[in-house]
Every structure is written in C-alpha cells, then in structure tokens.
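**Student:** These protein sequence lines map, in sequence, to chains E and F. So for the first sequence, my numbering puts the first residue at 1; every next one is plus one. So for the second sequence, my numbering puts the first residue at 1; every next one is plus one.
Keep in mind that the hints were calculated from the coordinates and are not lab data. Where hints are given, some of them may not hold.
The list makes no distinction among identical chains, and a pair is therefore deemed to hold if it is satisfied within one copy or across any two copies.
Simulated crosslink set (SDA-like; lysine to any residue; CA at most 20 Å straight-line) [to be verified]:
#: 1; residue 1: K77; residue 2: S25
#: 2; residue 1: K77; residue 2: L159
#: 3; residue 1: K53; residue 2: E42
#: 4; residue 1: K53; residue 2: T189
#: 5; residue 1: K161; residue 2: G22
#: 6; residue 1: K53; residue 2: R43
#: 7; residue 1: K24; residue 2: I183
#: 8; residue 1: K53; residue 2: V41
#: 9; residue 1: K137; residue 2: E68
#: 10; residue 1: K53; residue 2: M36
#: 11; residue 1: K53; residue 2: P37
All of these numbers come straight from a predicted model, not from anything done at the bench.
There are 2 protein chains.
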Amino acid sequence: MDFYSSRINALIEELSRLPGIGRKSAQRMAFHILAMPEAEVERLAGTMVDAKKNVHYCRECFNLTDEEICPICRNEKRDHKVIMVVENTRDLAAYEKTGRYEGVYHVLHGAISPALGIGPNEIRLKELMTRLAGDVKEVIIATNSSLEGETTAMYISKLIKPTGIPVTRIASGVPVGGDLENIDEITLTRALEGRKEL
Amino acid sequence: MDFYSSRINALIEELSRLPGIGRKSAQRMAFHILAMPEAEVERLAGTMVDAKKNVHYCRECFNLTDEEICPICRNEKRDHKVIMVVENTRDLAAYEKTGRYEGVYHVLHGAISPALGIGPNEIRLKELMTRLAGDVKEVIIATNSSLEGETTAMYISKLIKPTGIPVTRIASGVPVGGDLENIDEITLTRALEGRKEL
Chain E
1 MDFYSSRINA LIEELSRLPG IGRKSAQRMA FHILAMPEAE VERLAGTMVD
51 AKKNVHYCRE CFNLTDEEIC PICRNEKRDH KVIMVVENTR DLAAYEKTGR
101 YEGVYHVLHG AISPALGIGP NEIRLKELMT RLAGDVKEVI IATNSSLEGE
151 TTAMYISKLI KPTGIPVTRI ASGVPVGGDL ENIDEITLTR ALEGRKEL
Chain F
1 MDFYSSRINA LIEELSRLPG IGRKSAQRMA FHILAMPEAE VERLAGTMVD
51 AKKNVHYCRE CFNLTDEEIC PICRNEKRDH KVIMVVENTR DLAAYEKTGR
101 YEGVYHVLHG AISPALGIGP NEIRLKELMT RLAGDVKEVI IATNSSLEGE
151 TTAMYISKLI KPTGIPVTRI ASGVPVGGDL ENIDEITLTR ALEGRKEL
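If we strip away everything but chain E, and leave its shape as in the complex, we get:
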C-alpha cells in the first residue's frame, strides 16, 4: 500500500501482527490511533511496555502478575489446599468469572502434545509436583477437553496417584473440542460441580 507514508504502513504492519487482527482491522485501528490525542497514544504505548516489563509468573501458581505472588495466591480467604490445574491464564480467568471456585490454581502454560513436540517437561508440571509436597487435599484438573487437554489430564492423574492426593477432573458438560475460555459461566460451574475422581 504505497499510497500511505512509511510510518502509517509501519503502524498498520505492526498492528496486523496482533492475534485476530486482519489487514482491515489493523488499518481501522491505525487511523483511530492517529486520530487520538498524543497523550493517549503515549499512555497506550506506555501501558504495553510497562506491563511487558513488569508482568511475570506468580511464584506460586504461575498465573501472570506484576507482584511476586498473584492476588489469588495472596488471598487468605481462599482454600489453598485445593488446586485447580489449568492450561493457561485465560482459562483461569474463565473460572474466576464464575465466582464459584474458592481454591487456588496452577497454570501449566501449555498442554502435552506429541504432535507439536510438547512433552511434560515443557509445561509447569514439575512445579505442580513440588507444590503437592505441601498440604493439599484435592487437585482438580481443568485442562481443555481437547486431545491435548485429555492427554495432559491422564498424565497428571497418573503422576499424582502415588502421593494419595485425590485427583478430580471437571465434568463433561464442557463440550468436547471446546476451548474453556469461550464457554459460558453456568456450564463452567456445572462442570466444576460434576467433577469426578480419576
């Protein structure tokens, strides 16, 4: 698109790399940004860089946080003896939105996928096992109901069995092949309530 000057092209180019942003959306966003007051553009840009520089994994559960321990792990009202294992932070967010889960989390940051060459060592499994040395009364596996999610669930349950800690899996109710983050809160709540021991 040589009818735009180089800086506009560069901006459209950068924006179209974001997930779910096609060429046309990127163009629309670029013009919107160019029409924003300069102070607002600087705030948007600054927020990005600031978040990137300061957000890291929670030392406990590997949720994203800008503190050492995330707000969930710091919350003393929650049941720290129940750990829900999720694939990523968006899935954690999906369960938090139900407002019906009172335990803590463990974010794996991925799922076992032989097809993609992702083995147990590529996800935060070792860290989960370390946590289980403490006082834990239940591990709820809430990985997606995809092939990778199910594989991961089976792998984890076998790994934990020898410790004697009860391992549960969220109930079906989550549609097979579905992504947790897109499912409504009632279905997620039902799936939590209907969990059964593996």
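Starting from the known structure of chain E, arrange chain F on it as the hints suggest.
**Tutor:** Showing chain F alone in chain E's frame:
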C-alpha cells in the same frame, strides 16, 4: 476482574478502547503482548508513538502523511487536474486499491451532518475551494452514499457550479447506506466509470 494484577487490568482496559475491540479480544491481545519478546513490544509501542508524533495532513489534499506532501500529491504521473473528494483517508485507500484512478484526492475529514451539528466549516471545504483556483478540469465527488454523504455532495456541487469546473458524482453501484471502505474493488471501479455530471 480483580484476579489480574493492576498492570494487566490497565493493559486490557487500554486495548478495549480501540475500535472494534471488545473485552475478550482485548484480553486475548493483552496476553499475546505479554508473551511477546520485550523488544517487539517496545517496537509496537514505539511505532504507535512515532506515527502519532509525525503523521499529519498533507498540505495539498489532507491525506495522512509523515511528509509535507503525501506520495499521491508528489506523484507527477498522476493527473493533478482531476480531484476526487472523499470523506476520509480510508475511503481514499479504498479507491487507491482499485488501481484505476489516476487523479488526485481531497480528503474532507467528515461530511455535512445537521443531525451531528457538522456544518460546511467543520470539514475541509474551504481548502478544496482554494485548490479549485488552480488548473482543475474535473471534481469527482466520492462521498459515501449515506444521507450525510449525499448532502455533502449536493452542497459541494452547488458551491463549485459558479466556477464552471465540471463536477461529477461516482455512479450508483455503491449500495445506498453502504460505507465505501467495505465495498469490493470492482464495484468501486464501476461506480467510478459510471460517474455522471451533477
């Protein structure tokens, strides 16, 4: 969403202000940005600020550019005696993509809208009239076929009539109520070819 730390919330908040970006898309974009290498985030942020600081209106046609005169107005191969009047830069981009228009543009940055209180003085009409003092052999009005676009077209044609410069309107073919930027290139080309004098 108090389960995110403040910097993540701030980032989601900022992103959800962009056009067409809902809460869920903003969240997805935020996690994507947090997963990007820091250098890439800095480049994205820097590109935004740099574009905002350096992009302004072309002195000739009011297209967005980071130079004094935009690439289209600088292009000597184009016919500078034919001026196409568009509402905004996205509409200019839509016509440029057809590759079939060889004149130059005039970007109004809006359309006359009594309902929104936008009068002739709120858009770049005075600047268009100034350009017409030069050597111009045709003004093509390519405002949208919405109520505002049609009103603007009629207003401009009456304004130009006394100068004796021929004024044309892109043909119907552009669906009524449609936005130029969303129309396919063939329809846009046909509308250009079928233009008729007002």
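**Student:** What hint numbers does the structure not satisfy?
**Tutor:** Those not satisfied are hints 1, 2, 4, 5 and 9.
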